[in-house]
Amino acid sequence: MQRGGEPAAVPKAQDGCEGRAMQQMLETKQQWRDLAVEQLRELAQDDYGLDPAQIDESQLVISTPPEEKLGDLALPLFPFAKVFRSAPPKIAGQLCVRLSAAARERGLGTAETAGGYVNVRLHREQLIAPVLREVLTKEADYGRRRTLSGVRTVVEFSCPNTNKPLHLGHLRNDALGESVSRILNFAGSEVRKVNLINDRGVHICKSMLAYQKFGDGATPESEGVKSDHFVGNYYVRYNEWAAEERDAERQAKDMLQRWEQGDPETIELWERMNRWAIEGIEETYRRTGVGFDAVYRESETYKAGRDEVLKGLERGVFYKSDDGSIWIDLRDINLDQKALLRSDGTSLYLTQDIGTAIQRHKDWPFERMIYVVASEQNYHFKVLFHVLARLGFNWALNLYHLSYGMVNLPEGKMKSREGTVVDADLLLDKLNAMAVNEITSKAREDEVSDLAGTAEKIALGALHYYLLQTSPNKDMVFDPGASLSFNGNTGPYLQYTCARISSIIRKAGSTTGAALMPPESVAEQLTRSEEWQLVKQLAQFPEAVAQAAESLNPAVITTYAYELAKTFSGYYHEVPVLRADTPAQVQSRLALSAAVRQVIANALRLIDVPFLERM
RNA sequence: GCGCCCAUAGCUCAGGGGAUAGAGCAACGGCCUUCUAAGCCGUUGGUCGGAGGUUCGAAUCCUCCUGGGCGCGCCA
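Anchor point for the first sequence: position 382 equals 382 in this note's numbering, and the numbering is continuous, going up by one each time.
Honestly, the hints are just simulated from the structure, not real lab data.
Here are the computed lysine-lysine pairs in the DSS-like style, where the Cα-Cα straight-line distance is at most 30 Å: (1) K382 with K362; (2) K226 with K413; (3) K362 with K311; (4) K253 with K320; (5) K82 with K29; (6) K382 with K311; (7) K303 with K253; (8) K382 with K338; (9) K362 with K338; (10) K507 with K442; (11) K566 with K29; (12) K382 with K413; (13) K213 with K415; (14) K507 with K536; (15) K413 with K474; (16) K253 with K213; (17) K29 with K90.
Have a look at the derived ranges for each label pair, beta carbon to beta carbon: (18) T420 with S569: 31 to 39 Å; (19) E221 with P576: 54 to 62 Å; (20) R275 with K253: 21 to 29 Å.
All figures in this text were calculated on a predicted structure; none of them were measured in a lab.
From the three backbone atoms N, C-alpha and C, an ideal C-beta is built for every residue, glycine too.
Based on the provided sequences and hints, a complete structural model is requested.
Pasting the structure below:
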């Protein structure tokens with residue numbers, strides 16, 4: 001991002017009325033917070049003779065005790081030692097007395113002290129039934145927020161070249177872009193996913209040239225090769241040929257010139273090969289669940305920035321160098337001078353992005369645009385955003401570069417020259433084969449009914465979870481072996497947890513929403529600590545969504561989902577659902593299990609990991 | 001040389017001012033006549049890269065240092 005403009009600069013809708021009586025945990029926390037502030041101020045006034053206004057509300061935070069037996073919420077009182085001129089444990093003790101009384105009056109729960117903390121124990125019966133009902137009523141919408149309602153967001157991601165197929169790096173980009181889009185949408189924003197296809201330039205001409213020379217009229221069909229790979233093979237062929245043919249580079253440039261001059265034969269070839277490339281890439285998008293609301297092509301936008309640059313020149317935002325090239329001077333903000341138009345008047349990469357951004361805002365006036373692009377381009381976007389700001393576009397202040405780190409292999413960097421680049425399709429095939437292997441080795445082919453389809457979903461789950469569990473800004477190591485193992489903290493583990501719950505629900509014979517609702521006595525039935533823990537975790541999902549949206553970090557969701565699944569797995573092992581003591585208890589545990597499945601499923605959707613009924 | 005980013009268990013990663021720093025993998029030991037063992041439980045493993053500083057309190061914020069990544073084109 002590197003721009004001063006934080007996402008926080010975006011106009012925010014207040015989060016106050018997200019459906020009354022809904023978002024139970026949020027409401028409960030807010031009540032306790034209000035109460036604690038109120039009591040703290042009274043304490044300050046009554047016992048310390050202080051002005052209540054001296055109590056800084058923002059210093060009161062609500063956290064979670066490190067151990068469950070300590071309580072459900074924690075209020076650290078250390079920050080107030082200074083104002084009170086008293087030791088935190090003493091303040092905690094005094095506050096606790098008042099807070100307990102006030103909470104008792106309002107039936108909110110109990111409080112006790114532990115050192116400098118006041119720990120709160122919630123009335124479980126006040127949360128259990130409402131939380132389960134909310135999850136099971138809202139279903140796929142449970143967790144949806146309005147935090148970003150009214151904010152129109154463009155998310156640009158993927159941006160493939162049409163001279164080769166997608167590789168592992170694209171898969172991280174796609175997973176991030178798709179996931180962040182879904183998360184923002186779930187947080188209330190109206191999201192437009194856009195792609196920018198890099199379909200022009202000398203590198204594109206290279207595969208065209210090789211095809212012209214060596215293609216001999218072959219087609220993807222005639223060769224039986226996926227069409228983007230077919231094109232990619234000619235790019236490889238070009239590089240082989242160029243290694244011994246000195247004239248290769250010049251011939252490619254000549255071809256680019258013919259392309260720019262509109263030479264029919266060149267254009268025809270370009271169109272044909274582009275179609276192959278794009279069709280193949282779109283096939284992979286369909287496979288990975290990635291999609292776009294609008295697709296921009298560089299061949300259509302590369303000239304668009306030029307007029308804007310010329311306008312800016314007239315207004316003195318830019319300057320013309322002696323040789324006729326046009327520049328911006330950003331030295332005053334510790335950046336450099338940067339060329340915007342070549343001396344021959346042609347566009348540069350940056351120019352094109354200027355035009356594209358302006359075009360997008362015309363097409364769909366957004367409040368905010370997020371570029372999902374690798375961290376190598378940090379500087380590029382820093383400059384781009386400043387240029388747009390200096391051109392006077394107020395929306396330029398809400399442009400954001402979601403920069404993500406490199407994907408490396410255990411052996412080191414992927415290098416195209418050494419052939420270590422991991423191809424997206426091959427990787428998916430490999431994961432799929434592993435999943436088939438796993439299913440058959442457990443003799444579950446008959447159970448899953450659709451072996452190929454199930455394996456594909458497991459493969460995708462493994463891949464996307466793996467790619468998203470690392471925070472975007474960090475480089476990551478992709479270990480194919482680990483991603484294939486399906487053990488531990490993985491996508492398949494989450495899918496498996498859901499499949500086991502689904503199995504219980506099927507066996508209960510009551511799969512409709514109404515039949516899974518908790519009975520009146522649910523709070524008396526779910527008295528185990530694991531059950532309370534699960535209810536609390538379910539209630540926290542909306543907060544996880546908000547946090548993921550605010551930080552543009554899908555890893556918040558992967559972590560949340562994994563922790564929920566892990567708690568449930570322990571519960572599943574420990575406690576029988578269908579063979580519980582009484583029908584009411586069966587029904588209650590069934591409702592809890594169904595709610596867990598629903599919330600994990602909602603989380604999975606946000607990280608583009610397919611949900612599985614059986615596996 | 002300058003700028004940005006990263007550094008937490010053997011490995012891959014969470015945690016981004018609050019209570020004894022977590023998980024997965026790996027290693028070792030238990031648990032399948034019971035709702036899917038792709039699972040569950042336990043043991044082992046960390047002076048949070050180093051040094052200062054801010055703070056009642058620092059893995060977390062600031063400064064410097066070290067190591068690594070990326071960038072500094074009229075390439076994209």
